[in-house]
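Participant: So the chains spell out like this:
There are 2 protein chains.
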Amino acid sequence: MKKIIQIQFFILLFLGTTLSLCAQDHPSLILTKSGVAQIRADLGSVPLFDEILEETKKEIDAEIALGILVPVPKDMAGGYTHERHKRNFFVIQKAGNLYQITEDEKYAIYVRDMLLEYAELFPTLPLHPTNRSYATGKIFWQCLNDANWLVYTSQAYDCVYNFMSKKERELVEKDLFRPLADFLSEGNPQFFNRIHNHSTWGNAAVGMIGLVMNDKELVDRALYGLKMDINKKNERDNDGGLIRPDGQKKAGFLAQLDGSFSPDGYFTEGPYYLRYAIFPFLKFAKSLANNKPELGILEYRDKILEKAVYSLLYQTDYNGLFYPINDSQKGMSWNAREVITAVDLAYFHYGNDPMLLSVAEKQGVVALDEAGFSVAKGLADGLAKPMKQKSIAYKDGPDGTEGGIGILRTSTNPDNELCLVMKYSAQGMGHGHFDKLSYSLYDETGEVMQDYGAARWVNIDQKGGGRYLKENNTWAKQSIAHNTLVVNETSHYNGDIRIGEKYNPDLFYFNGKGNVQVLSAKSKNAYSDTKLHRTMVLVKDENFRHPILIDIFKANSEKNNQYDLPVWFQGHLLLTNFDYKKEATTLNTLGTGHGYQHLWKEAVGKAKDGTAHINWFSNGKFYSMISVVEPEDELIFARLGANDPEYNLRNDPSFIIRKKDKKEATFVSVIEPHGDYNWVTELSEQPFASVEKVSILHDDNQYTILQFSNKAGKEWTLMLANQDASETSQHKINVGDKVFEWIGVYQLK
Amino acid sequence: MKKIIQIQFFILLFLGTTLSLCAQDHPSLILTKSGVAQIRADLGSVPLFDEILEETKKEIDAEIALGILVPVPKDMAGGYTHERHKRNFFVIQKAGNLYQITEDEKYAIYVRDMLLEYAELFPTLPLHPTNRSYATGKIFWQCLNDANWLVYTSQAYDCVYNFMSKKERELVEKDLFRPLADFLSEGNPQFFNRIHNHSTWGNAAVGMIGLVMNDKELVDRALYGLKMDINKKNERDNDGGLIRPDGQKKAGFLAQLDGSFSPDGYFTEGPYYLRYAIFPFLKFAKSLANNKPELGILEYRDKILEKAVYSLLYQTDYNGLFYPINDSQKGMSWNAREVITAVDLAYFHYGNDPMLLSVAEKQGVVALDEAGFSVAKGLADGLAKPMKQKSIAYKDGPDGTEGGIGILRTSTNPDNELCLVMKYSAQGMGHGHFDKLSYSLYDETGEVMQDYGAARWVNIDQKGGGRYLKENNTWAKQSIAHNTLVVNETSHYNGDIRIGEKYNPDLFYFNGKGNVQVLSAKSKNAYSDTKLHRTMVLVKDENFRHPILIDIFKANSEKNNQYDLPVWFQGHLLLTNFDYKKEATTLNTLGTGHGYQHLWKEAVGKAKDGTAHINWFSNGKFYSMISVVEPEDELIFARLGANDPEYNLRNDPSFIIRKKDKKEATFVSVIEPHGDYNWVTELSEQPFASVEKVSILHDDNQYTILQFSNKAGKEWTLMLANQDASETSQHKINVGDKVFEWIGVYQLK
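Protein sequence lines correspond, in order, to chains F and E.
For the first sequence, our numbering assigns the number 1212 to the initial residue and increments by one for each residue that follows.
For the second sequence, our numbering assigns the number 1212 to the initial residue and increments by one for each residue that follows.
Worth flagging that the hints you see were computed from the coordinates, not collected in a lab.
Worth double-checking, as some hints may not be accurate.
Since the list can't tell identical chains apart, any single copy or any two copies may satisfy a pair.
Straight-line C-alpha distance at most 20 Å; calculated PhoX-like pairs for lysine-lysine [said to hold, decoys possible]:
| hint | residue 1 | residue 2 |
| --- | --- | --- |
| 1 | Lys1960 | Lys1460 |
| 2 | Lys1817 | Lys1503 |
| 3 | Lys1681 | Lys1792 |
| 4 | Lys1751 | Lys1317 |
| 5 | Lys1378 | Lys1770 |
| 6 | Lys1793 | Lys1681 |
| 7 | Lys1427 | Lys1943 |
| 8 | Lys1601 | Lys1573 |
| 9 | Lys1317 | Lys1438 |
| 10 | Lys1596 | Lys1770 |
| 11 | Lys1751 | Lys1874 |
| 12 | Lys1960 | Lys1742 |
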């Protein structure tokens, strides 16, 4: 093994040397001489670019006036030294670009002086005093942030490289850049050599500074990783993620490109982390494209980076907010700086897709480089076309064999949308949740059925320094925190990441086209003795003002179980069609573990007539869920917040349908957004559901036949084949004296 | 009495006859022949008016295509027949205006045909079958809505008066208008003859149709009311309000103008109800100005209607939302249709104030009449100036002697504002809350310290048909639901409107100018044996990014009491500087009555060192409250939602400082909005308060001296005179070895 790596290393060293001769112009990392020349020539003619340039000048001029602040590192995220160093790297990168574009030396002086200050500080730094990370940094509490710093600062250094004297360059390279790059790589193999977004930042940081310094050793280290045997097996990071899963044979940037994405560009940690990781992927790729074009990095793996950018843009709701699956903070959207860079680079390098311009228009910002310039020019030329997010089923896993994420979306008019996200993916590493076959639902106002996201207040020092809170494990990752089935009050895979990493559910069927869209997936491992199968159908029909969703969740087991199916409806409960008793003077918890200890049991009811309606209100809209239930099913209203000694959790409501002592259970619900309320006119429009009755006509292992009707008496029948995913198979079944016949997995009529 | 009224009646009859001759043109109610002529002449040259005209045409054309729907009345608010009849009166009024402006007869035909349908239906109608109101209507469940209908429909009738044949006119007048007007007045004196917004609608409805029909009897009845002795004494309406308070000598529209407003235009029920009532006030006044100019109605009582419009616009937060004091639903704003009419008419009749144009610009709508036209023209001519809401102390009561509402507002930059509303008003009739000396606080993002508003979901049928819920009495009106002091878990005036109507607190001092603004008021009747005095100081200081608020609440009694001072902070608690124990597995209620039965007691703590900090997060901003406490004070976190069997209440949090077994108590807090969070950059700016320590240096009946400091060590001293409201008195007091000297009620240095 060692020998092979050495040979590989030799070959690369040779290639690197050959290429270095043509790569020694500066800037050459993100900016290029020719790109800068074109930007300078066209200044004043591309409004958005000119505007951003002016804003950036103002911002950086204010920072220059403030003086250079390089404090001795001390604080966690949210604290002063952390936030100041973070601000420094954003500022220095912009200042470098400003110098190139405006040729005003004050910006170069600022960058140079700050680099010299860091070069003075860095050799004096021990490990960051917090010592709380599996890979503690020097400038920040974790290597990850140090790598962020270096990715940005490399760009700044590249911009002022020729401005600085040889002596100054030698100083910053010897005292700052090379030792920091070594620290992030050889000094922290457990950080540098993973297939993980942390390592992507590490690889990009080391590689980008290597390119600027023309340091082949660092560039190769970035591309191909450290020797693997340095890693210890089975070590885990702060989030519980495996540092080196069995079977990982490669490390470094190319291995990240191979291992981080599925073949269609899905990122196993989910869009919130992809948004974070895409930045070093693209920045380093762009740097490599400029400096090592023979690598063909932008074409690598059938243009995997292009696919990744689109997968990021498609995993958003109507308003561009990312689905907060796995450990994600809500509120993050395609307005994030990383996505601005991603949109700009994808537009520039991948065929000038006019749809990307409309996203850029919403972002209202472009990067101060040639990619950003091309976007601003495209907008100025009126080339933008509306961004059309589409229904799509993403495969998970490097080979696309580990389940995935399915998205269905449709609308009944240009101003609305119903968008379903169903998750049947792999565990998603340390940030994964135990939420197999879970879903979340969005409309044009935002969340209808929420995913809780992470129990974390990112960069809010008051809440555990902005880190993941203990409730992230005890609550946010647990199955009951999601819209999915929980058997015997136990989370999927028993809430154990080591089990979860071995398995994944499988897509059974996907159809993302037409007025009846279908997603169906199965899990046979979430519970060792219970099989789960969920089918979700998104329907657009002229009889409904908005699209509706049909949810069919089947469970079967050899033994009797308790089955809980929660929905985390967002909003205020208005009305039910069944009686319930709400606790008046004392509240108790719903359970004792796997997240149940965090739920207050507010109310319990039963529906005598086989249908349970709930009707709620949120963001000026009325919603209903109409469910098939049995008279003995417990209909529970719960609220989050128990066993939460420091107010770390939100007080969100949920509705749980509980079936007890059953081997088999089939849950069927129709979710209908139906009405609107105007706070100023105080008028309600269609406050009640159209759907009136839902029933199961037939249900077994092979087939499920449902019926639902609206108030006008119109009736729909949904026929499903549960085992045969062929679109051409003919199905026929007699139910009483009726014959149901259809072709393919489903028919709605 | 009877004789006087008869003589008055005779004189008016005489005047009316004289005037009738010049008032028989149609339209003459809101539109006039000359006004319409000018609008027609200028069509196409005033963009906003043209735009609204086009929108209105589209809207009404769609209604015409739908056909005329006049169902037999059956439903409560939110139900079909209610909403349809409501829609009809909006539509018919617009159709009438369209006919006048466009001269397209299809609109006249539509109005005529609808009127004829109503004329056919009306004689068949018994009282509305719901029978739930103190004044049940015929078309709607209450006379109030029937009056709404007639105010709008009168305008429509006026517009098509000349288009309809004499025979048709006789038919609708005989079978519909006159009997409906009689029903609303003579048929329901308890509705028609009050000093109350219901009666204003009743008066306007009867008067406006009277003017169109040239029916002097109706016009006089509207102006001067029915004979008073028809009313029963001490009768109360559905909200518990007195129908005829002792001392009411007059009724009718002029009496409303005299009795509904304080001399400076404050409306005792609060802005939410003023917004509702202003519409008939202005519509009838405009109709009278057009048809009975000799009444000088727009100048009446020193232009009371102009003052009312401004008081409405000033009782709004940064974003134009009305303060939800008393029984108010939140979300109502100056975009309401009634305020559009108010702004248009005030602009047209009261001197073309350019500030009103900027409100109209935000509204984006103008009325389709000459007032709306003048506003649209003003906007087109670029005359708008920014609306500057100002600090002001409104007096309550017809004579201005019944306390009032004080508003302080300031900002540290054009994009922020801190706005305090302090309530020391009279009871506010049936919609009043027991919240003497309460406050609410707003910034540019909305509520910082909320007023709960009403426990009502207006027009949302699911919640008790949209009516006031029982929790409105048991919760929303109670003192603990507000940011004010509660003694011995008992609401002000013992929660009894009959006591509340007898008393009011009094303003002690107001200064709404400069960097230190002050409001101070006292109550000696909220509790029979305890005197309350609250002083609130709004400070703008370069040491703070945002304005800060200082709250000093003093209570003293002859006997030992429990004093609870709640703050209904909006948002999520992040951190405290004191230890608290939050209930983990069982929640109990905080008390048993006066609203306490609705509160879950979540956590209790104590602050050992004399200062209690709480820090919370809302709408992307960080806030803190720093309070002086004693070590034995209980610091309680409570949450709304107990004893709420139908989920009628929101689950809002509050923080209560409780002092037990004290004769005297002084609560001092500084409230500081300080930081921001960006969901996309995930960066916090100033997440912690600047204010660090607050202490009471001296406190007695005469003087209170406070000190607070920020983290940078800067110290402020606030000196207050508690008994002498003179601005020129000299004060001096020794505290220990320090001498404090100042002039006037306060000094901050």
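Participant: Against this structure, judge whether each hint is valid.
Facilitator: Taking the hints in turn, this is what the structure says about them:
Proximity of lysine 1960 and lysine 1460 under a CA criterion of 20 Å is satisfied in neither setting, with 52 Å inside one chain copy and 69 Å between copies. Neither within a single protomer nor between protomers do lysine 1817 and lysine 1503 lie at most 20 Å apart by alpha-carbon distance, with minima of 67 Å and 64 Å respectively. Taking identical chains as interchangeable, the C-alpha atoms of lysine 1681 and lysine 1792 lie at most 20 Å apart only when they sit on different chains, with a minimum of 18 Å there against 33 Å within one chain. Within a single copy, lysine 1751 and lysine 1317 get their C-alpha atoms no closer than 59 Å, and across copies no closer than 36 Å, so neither meets the 20 Å cut-off.
In this assembly of identical chains, lysine 1378 and lysine 1770 lie within 20 Å of each other by CA distance neither inside one copy nor across copies; the values are 76 Å within and 82 Å between. With identical chains, the CA atoms of lysine 1793 and lysine 1681 are at most 20 Å apart between copies only, with a shortest distance of 16 Å across copies and 30 Å within one. For the identical chains of this complex, lysine 1427 and lysine 1943 are neighbours neither inside a copy (67 Å) nor across copies (78 Å), given an alpha-carbon limit of 20 Å. Taking the closest pair of Cα atoms, lysine 1601 and lysine 1573 come within 20 Å of each other only inside a single copy of the chain (18 Å); across copies the shortest separation is 35 Å, beyond that limit.
In this homomeric assembly, lysine 1317 and lysine 1438 never come within 20 Å of each other (Cα to Cα): the closest approach is 43 Å inside a single copy and 85 Å across copies. In the homo-oligomer, the alpha carbons of lysine 1596 and lysine 1770 never lie at most 20 Å apart, since the shortest distance is 55 Å inside one protomer and 74 Å across protomers. Proximity of lysine 1751 to lysine 1874 under the C-alpha cut-off of 20 Å is found in neither arrangement, the shortest distances being 34 Å within a copy and 67 Å between copies. Taking the closest pair of Cα atoms, lysine 1960 and lysine 1742 never come within 20 Å of each other, the shortest separation being 29 Å inside a single copy and 72 Å across copies.
In the structure shown, a violation is registered for the earlier hints numbered 1, 2, 4, 5, 7, 9, 10, 11, 12, in ascending order.
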